[in-house]
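**Student:** Each chain is listed here by its residues.
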Amino acid sequence: MADILLVIFGVSLLFASITNMLSSIVRILIAQGMILFVLTLLKTTEFNAWEFAFVALETIVFKTVLIPWFISDTINKNGIKREVEPSVSNFFSLGSMTAIFAFAFFIALWSGKVNQNLYPLHFGIAFAAILKGLFIIIANKKLITHLMGYLIMENGIFLLSLALGSQMPHIVSLGVSLDILLSILIAVLFLNKISSTFEDVDSDELSTLRD
Amino acid sequence: MLYIYLWLFPLLAGAIAWILKNRTLNRTLVLSHAALHLGAGIAFALPESALAARFGIDSLSIWFFFISSVLYFAVALYSLTQKQSLSIRQSGIYTFCLMAFVASMDVANLSRDLGLIWVFVETTTLASAMLISFEHRKQSLEAAWKYLFICSIGIALAFVGILLLVIAMPNNPSLTLDTVLALSETISPFWLKVSFVFMLIGFGTKVGVAPLHFWLPDAHSEAPAPVSALLSGALLNTALLPLLRMKSVMDACHLGNLASQLFLVLGLASMFIAAVFILKIKNYKRLLAYSSIENMGIILIAFAMGGWMKTAGMIHIMGHSMIKAAFFLCAGNVYSIFGKKDYDKCSGLLGANPPSGWLWLLSFMFIVGMPPSPLFVSEFFIAMGLLKSGYYAVLAVYFILLASIAYGLGRASLNITMGKPEKHVPLPFLQYLPQTLLLLGAVLLPFLLMYLLN
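For the record, the sequence lines run as chains A and B. Residues 0 to 210 (numbering that gives the first Met the number 0) make up the first sequence, in order. Residues 0 to 453 (numbering that gives the first Met the number 0) make up the second sequence, in order.
Derived from the structure by calculation, the hints contain no laboratory data. Don't take each hint at face value.
Unchecked claim - Which stretches of chain B does chain A cover? Using the computed rule of at least three CB atoms under 8 angstroms from a CB of chain A, they are:
1) 169-181
2) 401-407
Said to hold, decoys possible - Simulated DEER-style distance windows between Cβ atoms:
3) A:165 <-> B:177: 56 to 64 angstroms
4) B:49 <-> A:7: 34 to 42 angstroms
5) A:97 <-> B:253: 35 to 43 angstroms
6) A:169 <-> B:442: 29 to 37 angstroms
7) B:399 <-> A:47: 53 to 61 angstroms
8) A:68 <-> B:1: 17 to 25 angstroms
9) A:209 <-> B:388: 33 to 41 angstroms
10) A:169 <-> B:1: 13 to 21 angstroms
11) A:87 <-> B:54: 46 to 54 angstroms
12) B:19 <-> A:98: 55 to 63 angstroms
13) B:409 <-> A:86: 40 to 48 angstroms
14) B:42 <-> A:91: 55 to 63 angstroms
15) A:48 <-> B:443: 38 to 46 angstroms
Backbone N, C-alpha and C define an ideal beta-carbon position, used for all residues, glycine too.
The shape of chain B in the complex, shown without the other chains (with noise of 0.2 angstroms):
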């Protein structure tokens, strides 16, 4: 029932986007649906809340899908003063898939069975694919075409993994999450282990996680602004929260290390192609398409450590998606200013464009953790785990990668924001404000989390 009232809105505002043809009309529609789906997110996140259990939604859902409501929210803020070059029936398609997408996010999020999320995770797919592609453009074309093949191939396998998930369990005839735990003592091992390597691979590829991520510096540099904002912050969460819960059904059958073990592999693998990436290119966008692997990579690291690391890995995920989004939609800003992709032909970002400068440099220094971002508290926490884990040598590999990404990112964003400009640009408000919001968010919410766990 709850998964008709997310679809609801999406599907009627794409009717009704497809017979008025009306451009400021689509903008509104995206507005109000953000604007709703903020309001569910609210409802569900008070801790008095009885929706949540109504609908049967656990706390990690509720703080995935509020997650993505507060983005979706700055995303439909920032399109609003977006220029429009869009022909009116492509602003129609924009219009649905955009809330197609974050409507298959939504039920993907909030669903516990399996084959549901996987359905859903899919259907991500397909939007957001036509989402990149939007541009026409030989390198957006191209972008699209890897996403949508790569990640297909991502997600065939990751049902081959379900598939043998239902073999490992001969007497189950449900894939609810609940039943699967309930049933974990008769789950033959060998075949969880093999689904689990499966679903890693598969729902891994759409996660963004090293080896497997040769899709998303593509798919993110060339997707339009709000949109890798979206992409970014919210739909790597998504694709994320199975293998969590997958990690949970591997704990309940005691097989808890071997999952551990391939997520601090996979995680030190991606800050490691980060690092490298992020010393070498020179387009921003892509810069930042590498910190969000990276970034995946610490929260696989922080849920490969379990107990109270849970916890900073959650602190990770949400400061991760609002700082993030944050810095591409900035990205957006700068692109507009300076119309160039490369961070050494760009120069003088305070001058040009002091909010959009200071955005910047705070975005910067928010995700490379510096204090009060909630990435400082997370990263120390997984730091501190693995000393206490007695992980010497994976903590030092991990200060290294993270300082040199550090400096990486540093090196990009001083030279964007310092030197002489050349013109003054201003830039419409709404241009300002959700990034302002978002970097808010991030701090203040890790408060709201520790409410939400008492």
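Here chain A stands alone, though its shape is the one from the complex (with noise of 0.2 angstroms):
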């Protein structure tokens, strides 16, 4: 079941180099989160009940509803275009999922021979995960996109740290307070303001300060 799972995590990566539509990435972002919902329920015997619930919840309510919920809603009011407009193609970007898939899977069979509780195909699919949401950032100009590829990043983050689970429990809890704490402010406070004070949300708009 856990592997399925992983399975469809890292095709949502491939999927997210080839689509053209910001709420396809959106709808992405929901079934990552019901993924990693579903992966915490299948470690519940490696948590303590209040640990367990506080990360489940986190999951479920931040990673699954309030934040596609919140981006989507952006993307509706601020009139955004909705299409991704990234500066590379999606043959390119398509191939550098797959160099990065390579790359993370030959890491991951290292990690197993040093770890023995780390699990290589989870492995590579979170690095994979973490590569991936570095490369849309770095790939596209619109801000809503890069946030997009941060939270692609964190829940890379959030299923390595879930693979250390068993060794060691509070690691998880920590890697979801990143999630709380910093998509509650990029989302909420700055998108918001910075949206109202610059009239299209595009990086190149934020040239101002420079030298």
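Make the complex out of the two chains shown on their own, each in a separate frame, by following the hints.
**Tutor:** The following block contains the structure:
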């Protein structure tokens, strides 16, 4: 079961490389949130009750409902164009995603040797998601897409911390705190203010401060 | 328990500020927090103090905590006379964010648990992003966004580094530094290296080392002067501390060489980037921000060399914090006198406001390392260390970069201070006192360090 979910998570990363619509990336985020929720449920035995409640609630409330809802709301309210408008072609994006997967699994084979608690498929997918998030941030100009890249990266980090949950349960709660604090502030406070102050939410716009 | 004490006052004071809505009260709350903080700093630093031992705080933590408490007190004094353009609600938020910012830095400074340090470095980002964006101008929003986004990515990468550290120690359920060091023989070298690189990129972003420094000049130049002083003098140190802690882990695992080389490369790159931009730009607050990048580079070089150079690094950390905070507060004075941010549009500070002019010149002399500045001592010892270890090329580059930075800062400082003033502008006494105290402290504190190390 966990394996199938992990593979679906990986496929969602590939899908993120070829889609042209912002709304489908939002859907990818929702799907990833759900997968993470189920994966947390599968790991129930490793947490105590409070920690489990905290983590499960966070994945379902923040990752699956609140943040995706907020992003679509921002897109609608500010009349942001619905296309992703990446600076690189879909083909290139898909090619680099494949390379990222290859690299992540290459490292994952090592990880399994050193640390018995770690499952290579889990590590590989998580690491690929982190790199994919970074790639999206680099390859796009729109601030809203940057934010989505950041969220995919956070999902990857959460997945990685989940893999280490049996060794160090509180590390998962730490990862969750990253999520809650940063996403609230970035999403609610800044994007609202920035989008009302700047005409178009594009990183090229943020160039009044330069040397 | 200690962390609850540290957060108790900010939380209570935040609640009081929220309920009572009074500007004078808010300023008093900040000042009393700063005074308590300074008291705690002195109590930790006293040689016979049992307090530090009781809470398990090491000398590195005490030193960083003490520096930040002196700085915070100076900033609180300076803020007393600031013109209050904020609404009452904003003033309450400002008060709470400032105290939460300092309290988060405290926990990150005092803790020896890498997980806890990471959480509170992250919290500093949140609190200070609010402080930077306070003026709600287009530029300050832009600066805050860049700061928040770049540092968030950095802090996320640092967390990946921590996760990789956990992978490197399969049988260890704790992230306390003592446990990690005790298990150093069993840590997998490959994963430790990868983890260190991630943490270096992550926390290094927050320290502002080149080429990860892009947020720093924007944030420092757009924040109000007291916040810039705290950002540059205290926050950069707090972000540096986990790197120094990780360096000790690398040393214990016989990977100190790799860590040193990385520190050295990043240190030189920071000095180089700072030198190039200091020669080019006109905005004096950005100049000071680039000078912070330079000094962080020098500190990294000191810790890269290790051994007794670490002491030089500690002195440099203290000297830079005090002097740069004084410099930023002086920049606040200059801005309130001339109302401009480019140095070629400001001149005659010595005539317009002699105390500010002299403080500015003194800060400049101290930051480029003229005696009796502590930076003279540290930079001299770092040069000696480089010479002794046979890094002649690095030494040559180090001197050339130091000289060009001194030239760039000197040109700007002389332009601002010399020349004919348009009119005489008096400022309140409290806008000179903190800088004077900071500069005096910078000269006297190395002796305290010597005393502590004995």
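**Student:** Give a verdict on every hint.
**Tutor:** Evaluated hints:
1. 169-181: holds (count 5)
2. 401-407: violated (count 0)
3. A:165 <-> B:177: 56 to 64 angstroms: 23 angstroms, violated
4. B:49 <-> A:7: 34 to 42 angstroms: Violated, since residue 49 of chain B and residue 7 of chain A (Cβ atoms, about 57 angstroms apart) do not stay within the stated range.
5. A:97 <-> B:253: 35 to 43 angstroms: 37 angstroms, holds
6. A:169 <-> B:442: 29 to 37 angstroms: Since residue 169 of chain A and residue 442 of chain B have Cβ atoms about 44 angstroms apart, the given range 29 to 37 angstroms is violated.
7. B:399 <-> A:47: 53 to 61 angstroms: Once the Cβ atoms are compared, 58 angstroms apart, the range 53 to 61 angstroms for residue 47 of chain A and residue 399 of chain B holds.
8. A:68 <-> B:1: 17 to 25 angstroms: 40 angstroms, violated
9. A:209 <-> B:388: 33 to 41 angstroms: 38 angstroms, holds
10. A:169 <-> B:1: 13 to 21 angstroms: 19 angstroms, holds
11. A:87 <-> B:54: 46 to 54 angstroms: 52 angstroms, holds
12. B:19 <-> A:98: 55 to 63 angstroms: About 59 angstroms separates the Cβ atoms of residue 19 of chain B and residue 98 of chain A, which means 55 to 63 angstroms holds.
13. B:409 <-> A:86: 40 to 48 angstroms: About 42 angstroms separates the Cβ atoms of residue 409 of chain B and residue 86 of chain A, which means 40 to 48 angstroms holds.
14. B:42 <-> A:91: 55 to 63 angstroms: For residue 42 of chain B and residue 91 of chain A the Cβ distance comes to about 59 angstroms; the hint holds.
15. A:48 <-> B:443: 38 to 46 angstroms: Once the Cβ atoms are compared, 54 angstroms apart, the range 38 to 46 angstroms for residue 443 of chain B and residue 48 of chain A is violated.
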